[in-house]
Amino acid sequence: MPRVNVLDQNGEKVSTLNLAKEVFAIEPNEQAMFDAVQVALSNRRQDTAKTKTRAEVRGGGRKPWRQKGTGRARHGSTRSPQWRHGGVAFGPTGEQDHSIKMNKKERVLALKSILSAKLAIKELTVVDKFEFAEPKTKAMEASLKALGLEGKKTLIVMSADSMNDEALLSVLNLPKVGLLYFFEINVYDVMNAEHLVLTKEAAKILGEVLGNGAEGK
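Residue numbers (this note's numbering): 356 to 572.
No wet-lab data here; the hints were simulated from the structure.
The C-beta atom is built at its ideal place from N, Cα and C for all residues, glycine as well.
Just to be clear, a hint being listed does not mean it is correct.
Derived SDA-like pairs (lysine to any residue); straight-line CA-CA distance at most 25 Å [as the list claims (entries may be wrong)]:
#  : residue 1 : residue 2
1  : K484      : A494
2  : K500      : V369
3  : K460      : M546
4  : K531      : F389
5  : K376      : K477
6  : K405      : A395
7  : K477      : G366
8  : K459      : V564
9  : K508      : G441
10 : K507      : N547
11 : K531      : Q401
12 : K531      : N398
13 : K477      : Q386
14 : K477      : S454
15 : K407      : V369
16 : K477      : A497
17 : K508      : L527
18 : K405      : R434
19 : K477      : T371
20 : K407      : G441
21 : K368      : A472
22 : K507      : L529
23 : K368      : K460
Pair by pair, the computed Cβ-Cβ distance ranges are [said to hold, decoys possible]:
#  : residue 1 : residue 2 : range
24 : G414      : D520      : 52 to 62 Å
25 : A380      : K456      : 21 to 31 Å
26 : Q386      : P530      : 26 to 36 Å
27 : M356      : G446      : 47 to 57 Å
28 : Q422      : L396      : 47 to 57 Å
29 : V443      : E489      : 53 to 63 Å
30 : N398      : G426      : 47 to 57 Å
31 : L529      : S454      : 41 to 51 Å
Please put together the full structure from these sequences, using the hints given.
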């Protein structure tokens, strides 16, 4: 069972935490993580691309020339797909759906894999909690600097109990820092971050939800 130090927001050790090995110490499954990222990217597509069909293009109601006798190919409209300024055949309609589904077991495996990988390469830190007297960007910057994360693309994951308005508002103006509730955590955002910060409660809950729990002191 992996044991990690729990730091306060000033970077000082305050306790230790035994993380659930079923969640934070498995052999990462690269295929599951790849699939999870593909699903996330596909599901974020807006699907707003659209082209006009021959029925939607303005004009072309008159037959360009008579059917026979001109020596040219017969045509009924100048808005057929083969014409310049004509409609598009088989183009996007604006209603296409690129979303992909992923079964629950693979989704959980992917999440456990990325958490285990982050811990193995020392890109995961557990913090007791973030508490500020008032919402200040400088306060969060100072805390991240104390944790050795200054300038790094950082994802902070909190439990519902440890989330507070002061911490949330302190992050908004930091372009490289993201903040999620534990139930919003996903493979894409974790993988996209250079460092993952979990509050102590969030780490425990993730261990309980995804594995067999986490023990701390």
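Q.
Check the structure against each numbered hint from earlier and tell me which ones fail, lowest number first.
A. 9, 14, 15, 23 and 31
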